[in-house]
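**Student:** Sequence:
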Amino acid sequence: MVKKYDNEFKVMIVELLNSGIKTKQVSEDYSLSLSMVGRWKREYKLKSGDFSKKKELTIEAQELKTLRKELKNVTMERDILKKAVSIFSKSDL
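Residue numbers for the sequence shown follow UniProt numbering, so the first one is 1 and each next one is one higher.
No lab work stands behind these hints: they were computed from the structure. Honestly, I wouldn't trust all of these hints.
Cross-link-like lysine to aspartate or glutamate pairs, in silico, EDC-like; alpha carbons within 20 Å at most [stated by the list, open to error]:
1. Lys-3 / Glu-43
2. Lys-41 / Asp-79
3. Lys-10 / Glu-28
4. Lys-24 / Glu-43
5. Lys-41 / Glu-60
This one's a predicted model, so the numbers in the text were calculated from it and none came from an experiment.
With the sequences and hints as input, model every part of the structure.
**Tutor:** So this is what it looks like as structure tokens:
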């Protein structure tokens, strides 16, 4: 089961790191993995201290995401139609 941590807890952990406490010590004290604590510290710097901000996508990235979703749907439809044609062509024989 994945445990979710709220933004205030993450900020508290990063502030402990910024106050000079070692990453290893913080991770042991709060039963967190070293990689998670390091990731929170990087995200804190990138998002100016706010973990609740979602990563904003560029226009190109949004368009690419939309096109990939559409391609996935069209590919699925094509595969379904291929199977249907195969089934109906076999029954005609």
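**Student:** Now tell me if each hint is right for this structure.
**Tutor:** Quick rundown of the hints versus the structure:
For the hint pairing Lys-3 with Glu-43, the CA-to-CA distance comes to about 18 Å; that is within 20 Å, so the pair holds. As the CA atoms of Lys-41 and Asp-79 are separated by approximately 45 Å, the hinted pair breaks the 20 Å bound. With a C-alpha separation of about 15 Å, the suggested pair Lys-10 and Glu-28 falls inside the 20 Å cut-off, and the hint holds. A threshold of 20 Å between alpha carbons decides the hint, and for Lys-24 with Glu-43 the separation of about 18 Å falls inside it, so the pair holds.
Of the supplied pair hints, the one linking Lys-41 and Glu-60 is violated, its CA atoms being roughly 28 Å apart against a limit of 20 Å.
Checked against the numbered hints above, the structure violates hints 2, 5; every other hint is satisfied.
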